[in-house]
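> Each chain is listed here by its residues.
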Amino acid sequence: MTLLLRLTGVALFLLIWEIAGRHWGDSLLAPPSSVAVELVALAGDAAALTTIWVSLAPALVGFVIACCIGMPLGALMGRSPVWNALIHPWVSLFVVTSVAAIVPILILLVGTGWWFVVAVVVLSSVWYVTLTTYQSAVRIDRRWLDVGRSFGASRLQAFRTIMLPALFPYLLAGARIGLVHAIRSMVLAQLFIVSGIGGMLNEASMDISTARMLALLVAIMGIGLLANHGLGRLADGLAPWQTGGSASTPP
Amino acid sequence: MIGTRFIAVLSVVAGLAVWELIGRLSPPVLFSPASAAFSYLWHQTVTMALPVAIGGSLATLAAGFALSAVVALPVGFAMGRVYWVREMLHPILTGIYAIPPAAFIPFLIVWFGLFAHSRIAIVVIMCFFEMLTITATGAATIDRRLLDVARSFSAPRVRMIGSVLIPASLPFLSTALRIGLVRAVAGVITAELLLSPANLGKLLLDSAARFNTAGMLAIIATVALIGLAVQQMLLWVERRVLRWERP
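Those sequence lines, one after another, are chains L and Z. Numbered continuously in our numbering, the first sequence closes out at residue 251. Numbered continuously in our numbering, the second sequence closes out at residue 247.
Because the hints were derived from the structure by calculation, they are not lab data. Keep in mind that a hint or two might mislead.
Facing chain L, according to a computed beta carbon distance under 10 Å, are these residues of chain Z, among others [stated by the list, open to error]: (1) L67; (2) V70; (3) V71; (4) P74; (5) P100.
Calculated pairs, SDA-like style, for lysine to any residue (alpha carbon to alpha carbon, straight line, at most 25 Å) [stated by the list, open to error]: (6) Z:K202 x Z:L225; (7) Z:K202 x Z:A36; (8) Z:K202 x L:G25; (9) Z:K202 x L:S205; (10) Z:K202 x L:T112; (11) Z:K202 x L:S195; (12) Z:K202 x L:L93; (13) Z:K202 x L:V194; (14) Z:K202 x Z:S39; (15) Z:K202 x L:I193; (16) Z:K202 x Z:R86; (17) Z:K202 x L:W17; (18) Z:K202 x L:L123.
Even for Gly, the Cβ is constructed at its ideal location relative to N, Cα and C.
Sequences and hints are given; from them, build the entire structure.
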């Protein structure tokens with residue numbers, strides 16, 4: 001029943017899109033039939049695939065850097081009120097700051113090369129990773145840590161055997177939110193410097209037909225879904241004691 | 001409590017001092033001290049350029065955010081409460097949500113051009129799906145027992161909506177509005193930079209064109225403060241209205 005409704009929803013959406021597309025024509029809204037043709041062409045275009053792959057690399061590097069900074073920082077903030085008071089004002093300031101605003105000065109500071117995209121990705125995703133980790137670290141049950149202390153666990157032991165397993169599913173949740181923002185800001189950064197996927201989008205927007213542009217949007221959607229789903233699977237596999245990690249969590 | 005607040009203030013002051021120090025030590029083409037940024041802000045305020053730009057940006061923000069909220073909240077509510085609506089829309093929205101909002105910009109330019117309409121459209125795209133998901137999740141998790149109690153006492157439909165459903169929905173609705181508004185601020189500045197430069201985005205790009213890092217940092221700080229201000233404002237309203245939620 002659920003599956004039937006979902007398929008009906010998708011079919012209706014495609015049907016409305018097709019009708020609207022035929023009505024307005026390719027130049028305003030290409031119907032799914034012509035987008036599908038473009039998508040097949042895109043899949044067979046080795047140069048385009050290489051461009052997509054090459055532009056994903058800085059997003060992944062930036063994402064890993066953001067995790068390496070954000071997770072320890074969030075855990076530290078969650079367990080130490082003093083560090084929290086020191087760092088929290090800055091994190092909450094930067095998390096509401098649009099990374100687009102920082103782009104012009106970043107161009108001056110690091111140029112428009114590969115590292116520019118990495119910098120934008122790090123600066124936009126690190127705060128989400130930090131805050132998610134922080135919120136879960138704050139909520140670790142005191143009693144668990146107390147039990148550890150009663151049995152004479154050292155600080156390192158307490159961290160390794162209590163904190164980490166308790167934090168783990170949340171670290172992955174934070175990583176997922178971070179990854180969503182990493183992909184978003186990658187596209188944003190590339191739109192600014194007109195390279196990679198952003199450059200392809202820009203080029204496609206010069207076409208008279210919108211088919212190629214919409215095909216690119218579908219391709220980006222596929223990448224986003226795949227990345228999100230992959231991390232969800234990883235979460236379920238690595239932390240089976242916490243289920244529901246793969247539910248779609250809004251950032 | 002006073003201790004941590006004191007540390008937080010100290011941290012902000014220290015941050016400004018570090019900014020000032022780095023700015024004084026580095027060449028002005030790369031980075032400027034906080035004092036230079038403040039004097040830029042002061043100058044732009046006296047000449048009225050900054051207030052006008054902020055006003056223009058806020059107008060775009062308000063239009064896009066209102067349009068988005070008017071559609072997102074009811075649809076999200078329907079998705080959360082009605083089974084077939086949720087299941088039919090779910091796959092489509094998951095798909096669209098996976099597309100970075102910025103990727104829509106070339107497409108929106110085709111439809112709406114480079115000026116005010118397009119800017120508003122970008123703001124709508126940036127905050128719509130966030131608000132929709134939060135509202136749908138919230139509406140789906142309204143405590144069944146609350147509704148059951150009302151039904152047991154055979155409350156009329158109007159009463160049920162007015163005194164159970166709406167109060168139970170206010171917490172997640174305000175979360176949706178708050179997060180949507182922060183996203184909308186990001187949308188405004190993105191639109192003003194990537195389309196034809198306007199308002200705050202224009203001030204930022206003008207500074208960039210002159211290698212005026214003080215101006216750029218000042219505008220970034222202004223954007224950050226606007227984001228923080230709208231969020232705190234909504235949090236404040238939330239605390240006033242939702243007295244029963246938190247002690």
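> Please name the hints from earlier in the document that this structure breaks, with their numbers sorted from lowest to highest.
Failing hints, ascending: 1, 2, 3, 4, 8, 16 and 17.
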